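**Q** Please construct the entire structure, taking both the sequences and the accompanying hints into account.
Count along the sequence shown starting at 1, add 2, and that's the number in our numbering.
Among the hints, a few may not be true.
[Said to hold, decoys possible] Heads up, simulated DSS-like pairs for lysine-lysine below, C-alpha to C-alpha not over 30 Å straight-line:
1) K219 with K237
2) K9 with K58
3) K57 with K256
Honestly, the hints are just simulated from the structure, not real lab data. These figures come from a predicted structure and were not determined experimentally.
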Amino acid sequence: MQSDFKKLTLGFSPCPNDTFIFAALVHGRIDTGDIGFSEEILADVETLNTWALAKKLDITKISFSALGHVLQEYSLLPAGCALGRGCGPLLVAARPLSLTKDTVIGIPGRLTTAAMLLQLFHPECQKLVPLSFESIMPMVAAGELDAGVIIHESRFTYPLYGLSLVQDLGVWWEEQTGLPVPLGGIVARCDLGDDLHRQIAESIRASLRLAWAAPEKVMPYIVRHAQEMEEKVIKAHIDLYVNDFTLDLGDEGKQAVDEFLSRGRAAGILPPG
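**A** See the structure below:
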């Protein structure tokens with residue numbers, strides 16, 4: 003029985019792709035066996051990254067850049083990942099610019115995949131300003147930043163701020179590697195053990211399948227956490243970031259994650275493996 007088992011803490015972001023994946027699970031709509039979950043904890047991905055460094059949660063969404071810092075404490079689960087093609091972070095600006103060491107660029111957190119992709123793309127850029135992701139576009143538009151790396155639904159809305167694309171960092175990654183861009187994944191504490199890891203992954207898959215089968219049942223939960231996002235943007239967000247890799251990372255997904263971590267280590271961004 004769930005009541006006989008220690009409840010596990012679970013953290014993910016309020017972004018539509020995460021709430022879509024976990025809605026059925028956190029509302030008790032699937033059989034999770036003898037796994038119990040405490041009330042979900044929603045936080046922005048950089049907060050979750052920071053908490054992972056402190057081993058705060060049992061199961062959490064993190065950026066793949068952050069994964070490179072916590073592999074001694076957490077194991078990547080093969081379900082729930084955000085990974086794909088045509089879905090990477092975008093480098094945007096209000097006016098044409100050439101990137102130099104003096105270019106001031108807003109990033110959505112130092113531990114984010116977006117920040118590491120920028121560093122891999124243009125290592126000379128050193129003036130990186132960590133900000134909440136929703137504040138980057140207004141600050142670039144106001145001239146407070148030379149450029150910004152944007153994530154999530156910002157890729158659908160940046161033209162509304164008068165901003166132009168400097169570089170699609172996901173496209174750059176795909177051209178460099180031939181692999182999908184790995185954005186973030188779900189990790190579980192290593193000391194939970196392989197059996198629990200498998201159970202948790204299967205629970206995530208069951209939750210995702212239910213959301214795909216009956217999206218109308220999970221949409222109210224998604225909308226409630228979507229920060230006044232328009233429904234068409236919510237649906238575009240889910241369509242872009244939730245895909246076959248989310249159901250199962252698979253060999254190609256694992257290869258993409260391994261390549262990302264390897265390049266981060268080679269560049270000195272991540273600690274040695």
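**Q** Any hints from earlier that this structure breaks? Give me their numbers in increasing order, please.
**A** Violated hints: none; all satisfied.
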